[in-house]
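Participant: Dock chain B against the given chain A, drawing on the hints supplied.
Number of protein chains: 2
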Amino acid sequence: MRYSQLFTKTSKSAPHDAESINARLLEQAGFVRQEMAGVYSWLPLGLRVLRKVENIIREEMNALGAQEILMPALQPKENWLQTGRWDSVDVLFKVPSQTKKEYALGPSAEEIVTPLVQQFVKSYKDLPTSVYQIHWKYRDELRAKSGVMRGREFEMKDLYSFHTAQEDLDAFYVKVTETYLRVYTRCGVDAKVVQASGGVFSEKFSHEFHVETPAGEDRLLMCSSCTFAQNIEVATVKEGDPCSQCGGKIRLTKGVEVGNIYDCGKKYSDAFNFDVSFEDGTQGRVLTGCYGIGVTRLVGAIVEASHDDRGMIWPKSVAPFHVHLISLGSKDAEVAKCVQSAAQELYESLSANGVEVLWDEREGVSAGEKFADADLIGVPLRLVVSEKTLKEDSVELKMRTGQEMRLVKIQDVEREINNF
Amino acid sequence: MRYSQLFTKTSKSAPHDAESINARLLEQAGFVRQEMAGVYSWLPLGLRVLRKVENIIREEMNALGAQEILMPALQPKENWLQTGRWDSVDVLFKVPSQTKKEYALGPSAEEIVTPLVQQFVKSYKDLPTSVYQIHWKYRDELRAKSGVMRGREFEMKDLYSFHTAQEDLDAFYVKVTETYLRVYTRCGVDAKVVQASGGVFSEKFSHEFHVETPAGEDRLLMCSSCTFAQNIEVATVKEGDPCSQCGGKIRLTKGVEVGNIYDCGKKYSDAFNFDVSFEDGTQGRVLTGCYGIGVTRLVGAIVEASHDDRGMIWPKSVAPFHVHLISLGSKDAEVAKCVQSAAQELYESLSANGVEVLWDEREGVSAGEKFADADLIGVPLRLVVSEKTLKEDSVELKMRTGQEMRLVKIQDVEREINNF
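Chains as they are written, first to last, in numbering that gives the first Met the number 0: chain A, 0 to 419; chain B, 0 to 419.
With the rest of the complex left out, here is chain A:
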């Protein structure tokens, strides 16, 4: 994409009300726009990142054998009364209608998915099964802060599984745990499994997935040596204790929750009397698991975990572009034209070969300004074409993560990019 085609612009100054690093950088770079507290528009650069994160999650859910569906955000009140959550979920938006009915605006979809799957699943032969969606959710948060990490409207991947036997649910739960860790690794962040309470979503235990960052809203107790980790809300240890698993030292830290998984047992199948015929001919109640990944929140967590004082640093897998190509001007109009034309050739040849290139082809914008924009936007690889580089038939290559700049012959650029 040509930079000048973007309708967004970067901003030199931080938004006055940015309460977190992710909000400040995402807004300054024009990835998102805050429409009100906890509610964002996703602009072209931000949407590209969001779609890449969605697709990584989608691939991993499909690999689990889960089937993608889409359930409504506007949900019948009756379903929420049936689980008791119409009154117990304090962040539930309740929407009045001119039909005199009231609707729930879904913070999750257990109330929809349970009767939905129940309609089709009648026998143990239909189980286990699992379905998921990637869709927008709503929570009437009293305080929405932390940028895109705690929204009133946010995108979530929610997966639901249905089983006849506890061992089967347990095995799926473990598979989901592994899948989630793979999702985070693929998105370029290091997430840890943390023991947590069930909350209003479960009657049993749960696990959360946290990215360690000072911006995290949760306090965690983690072993310094092994994978033991507990949310302070359910912690059985305290800072400085020896780890019960390995004897290592327990430390207190902060994390942002980017996923959670619940063994819901019969909580939802009881609410909807969801029985199936078992192999022995009896009718038995179904067991369910619920598994969430905060998609928009994960984008925020990636920024919190990967930035410096000049801007964001996107992992390649979720970067809005692979390459940020900059062509610099010159006082000599003839030279400037040569530079633009060499850059255009490179842009077109890379694009034709599937490399996603953002080409800053703006004229009358200083080198300093272009470099600052590139650092803020945080595309992993920067290429500069200028009078100086062209004298060497080269472009200047720099990784966003490093300081080193080096000249690469134009004919070698593509190979260099493919190697990285």
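It should be emphasised that the hints constitute simulated quantities derived from the structure, not laboratory data.
This one's a predicted model, so the numbers in the text were calculated from it and none came from an experiment.
Identical chains blur together in the list; that is why a pair holds if it fits in one copy or across any two.
Each computed DMTMM-like pair below joins lysine to aspartate or glutamate, with the alpha-carbon atoms no more than 20 Å apart: (1) K99 <-> D86; (2) K93 <-> E140; (3) K99 <-> E34; (4) K124 <-> E360; (5) K8 <-> D125.
Facilitator: This is chain B only, laid out in the frame that chain A set:
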């Protein structure tokens, strides 16, 4: 996909409350599930169709040069007060919050997109520009009927354009009209441009795009010979009149509106004081156009326009699968095994070559039941592997639109499919 992996099942009987053909067929075939009046879940088969329609629209919007973004459904009341639509739009859901604020649940996004674009667009040099989103919308309809064609929650593609000069807006408006007609053609339906009133979205005129069907909620006056067409709400002619353009006969018919485009003039830029610096140095007000396609509604319209008494008939471009492969059982277990194994080989070879195949590999299900399911689901091409066809090293090929069945040698199947 293997049929038995689908968690949905077809139903022999129509849902008792299906008020339209699209609702009946989509629900019976397990494409969607009605959660309440006007609110549907999209199940695996339905979601595949929806994604294909979305992608056709996305490609055409990108070809227009429009940039994709995502704006929130939950919108600040202040923005709606500023345009006066907080009080004038009777289908606006107003969502109370425990923060004591009220939010709008967007039926469209003029109130968000105008200040959003205004933030970045300061000069005539930044114009024209256009942005779009494909996202869910909400309307508090008093009566939601017509299946997925009039929803309280529905998916819409909304495009917004911004200009400094009327000629420029006019030219873009014409380009959008052509693009819309191409979208409908690519989706396999014939839509007509119809003159309509501005309604609450515009202060000027508008055009609608209608698919002619007895299920349509709008009454239209159309010329039998040329493209002249008016919504009865603004009609200057009546049934039987001669057409003012060609002298042909005006007929009365029904249509379902699958798109609309508005020249909004300064309606929204006035509300938000959206000015830019013009080329002559003065400040001038921006002109806007708003253009919508009802995505979920378009899926319903395709079903209304393309079905028979046995089920749906999907155009190839939006069909959930290209091929519905059926393997039939046999009383002879050895033969049945041969048939399954030949079908599996065909399934795997077609899938590996990018053909989207739904393979009904269920055992213990009669041929009649499998054929009925195939007709209901409406995949354009049916292939049957059976004892009889294998004796000829063949499969039986039938188009969903026709009656003719013919044997095709197994090694020729792929070529036949590519030709179709």
